[in-house]
Amino acid sequence: MIGASIRAAVENAIEPYASSRLAALVSQAGPYVIKFVNSRWASTYASPAPLKISENPALTWGTATYVTPLAFPLSSALYGRIGLVSEFDPTNWKVFDATNPANRMVYVRWVQAQPAFSDLVLTVHSTYTNHFFRNKFRKDFRIDCVLFHPDQEAEVHTDRGQHVWMAVTDWKGRRQIDSKMSKRFAQARFVVLIDEDFALETGGLPIQTSPRLIERVTQAISFHQAMEVAAARVDPNLPAEVIRHYQLGGYVHVFIRP
Amino acid sequence: MSNLLALADDFLDRMNNPAYGGAVNDEYSMKFARLLQDEQFEAQLNQQISDVNQADALRSHAWLWVIGWAKSQDVAVQEDVLVELFDRWGDVAAKAAIIDLVLDRLEDEGLPSAQTRLEEFPVRFFARVMRRAVEISEPPPRERVRDGEPFAFPREPEEAQPSMAKAEGLLVALLQVGNPMALAAASVLLRHAWRGQGQLSEFYSRLLDRLEPETRTEWERSIFRGLA
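Line by line, the protein sequences are chains A and B. For the first sequence, the tail end lands on 258 under this note's numbering, and the numbers increase by one without skipping. For the second sequence, the tail end lands on 228 under this note's numbering, and the numbers increase by one without skipping.
This is chain A alone, in the form it adopts within the complex:
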C-alpha cells in the first residue's frame, strides 16, 4: 500500500551485486567477510561452521547476519576479540546501499508511508516497530544485502565515514527471513585474535565511540616485556619479572603464540 513513485524509488535504489559498491569492495580484498565475537566462541569456530543470524530487535537493519567486508579487517573489533572469517558468494545478490544518503531518504519515505508509522514516532514500542519495518522492507523488496556505515565505532579501528558494514539476509522459502544459522556464511572460521577489549555500552545505552581499553594504556608505558604464555606458565622467574616490572612502572605482556 505505497504510492508508485515510492515503490519505483526503492526499486531504483536496489542494485545488482555486479554494479554495487560491494563488488568494488570484493575486488579490493576478495569475497571474504569478518565478524568479531566473544572469546567463548573460539573453540566453536576452530573448524568451519555457519555464522549465527542475528535477530536482536535493536539491530540496525533487522534480522540478518552482520559482517564486515575484509577490506576493513579490524573495523568491527568492537564486538569481540575473536575474528571469524568466511568466504561468500554474492553473485546474484540484490544490494541496497544505505551508505548513500539518497537511498537512506528513500527508506525514510517508505517508512513514512507505512500505516504503523505513527506508532513508530508516538509510542514506547519503537524498537520492535523499527525491527518490524526493517524486516518488512528487506522482505518486500527481496533485498539480499544492505550496506551501511558503522553506527558504533571502536576508537582508531573504525572510520564511520569510510567503512562499510553489511546486513545479509538468509531466505527461508520464497519470502521468509531465516533466523537460524546462515547458509550464506556457512564456512566461518576463527582467524583473527586481537589483543584488545572495548566496552559496548555506556550508562546502559549502546556506546557511540568505544575507547581502546588496553592499547591506550600500553602506549604510554615504555618499559615492557613480552612472554609467550606456555613458557610463562612454567617460568620460575615469572614472579620476579612481574615484581621487577611493578617496581619499574612497566608491564608484562603474556601473549598466545600465533
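Calculated from the structure, these hints are not laboratory results.
Straight line, CA to CA, 27 Å or less: simulated DSS-like cross-link-like pairs of lysine-lysine:
no.: 1; chain 1: A; residue 1: 94; chain 2: A; residue 2: 183
no.: 2; chain 1: A; residue 1: 180; chain 2: B; residue 2: 31
no.: 3; chain 1: A; residue 1: 172; chain 2: A; residue 2: 139
no.: 4; chain 1: A; residue 1: 94; chain 2: A; residue 2: 172
no.: 5; chain 1: A; residue 1: 172; chain 2: B; residue 2: 31
no.: 6; chain 1: B; residue 1: 31; chain 2: A; residue 2: 183
no.: 7; chain 1: A; residue 1: 94; chain 2: A; residue 2: 139
no.: 8; chain 1: A; residue 1: 183; chain 2: A; residue 2: 139
no.: 9; chain 1: A; residue 1: 172; chain 2: A; residue 2: 183
Place chain B on chain A using the hints.
Leaving out everything else, chain B in the frame of chain A:
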C-alpha cells in the same frame, strides 16, 4: 507449562528483550541456536509451542520470538492464545506479526462479500479480535449517594463509551499487513455499525491525511478491493 518451555522462556527473553543489551541478546541467541541444531530439541520445542494454551506461559519478548519462529518454521500456535496476545499487546507491529502468522496458515478461505457482517467474517481469528475491539464494557457502578445528602439528585444512567484504542490498533495492524484478507477485515471493521464507528472513521481519515496523495489513493483503493 512444560519444563522445556519454562527454560526456553528464560532464554528467549534474554535473546529478545533489548533491556538486557545487545551483547546478552546475541550471546543467548547463539546458545539457543546451538540447542536448536539438535533436531529432537527443535521438534520438542515446536510441539510444546503448539500445545501451549495460555498466553501467560511466556513473557512478551519470548512470545514475540515464538510468533516469528512459528511463522518461519510453520509451527501452529493455538488460536485462543493468539487472540489473547493480540488483545493484550498495544504494539501495532506485534499485532501485525500475529496477523501475519494467522494468514500464513490459512487454506484458501474465500474473501468475504461487501455485505459480510463482522461476526460472520470467514476467518474466525479476525471475527474474534474484531468483536473484542468493538466491545463496549459497562462503566463500574457509581457509588450510591446516601439519602438526605445535599445535592443527591437522581441521575440518568451513564451511557458506556467505546474505548477506541483496541479498534484503532486493530485497524492499523490490518492495514499494515495489507494483504487482501487483512484489508477485507479492515473494510468490514470500518463499516461495522457500533457506538465507536464515527470515531474510528475519523481516525482512519486522519491516517489518510498524513499521506502523500499517491499513497493515499493506493490506500483508499486497496481497502475496498479486499471485498469479493
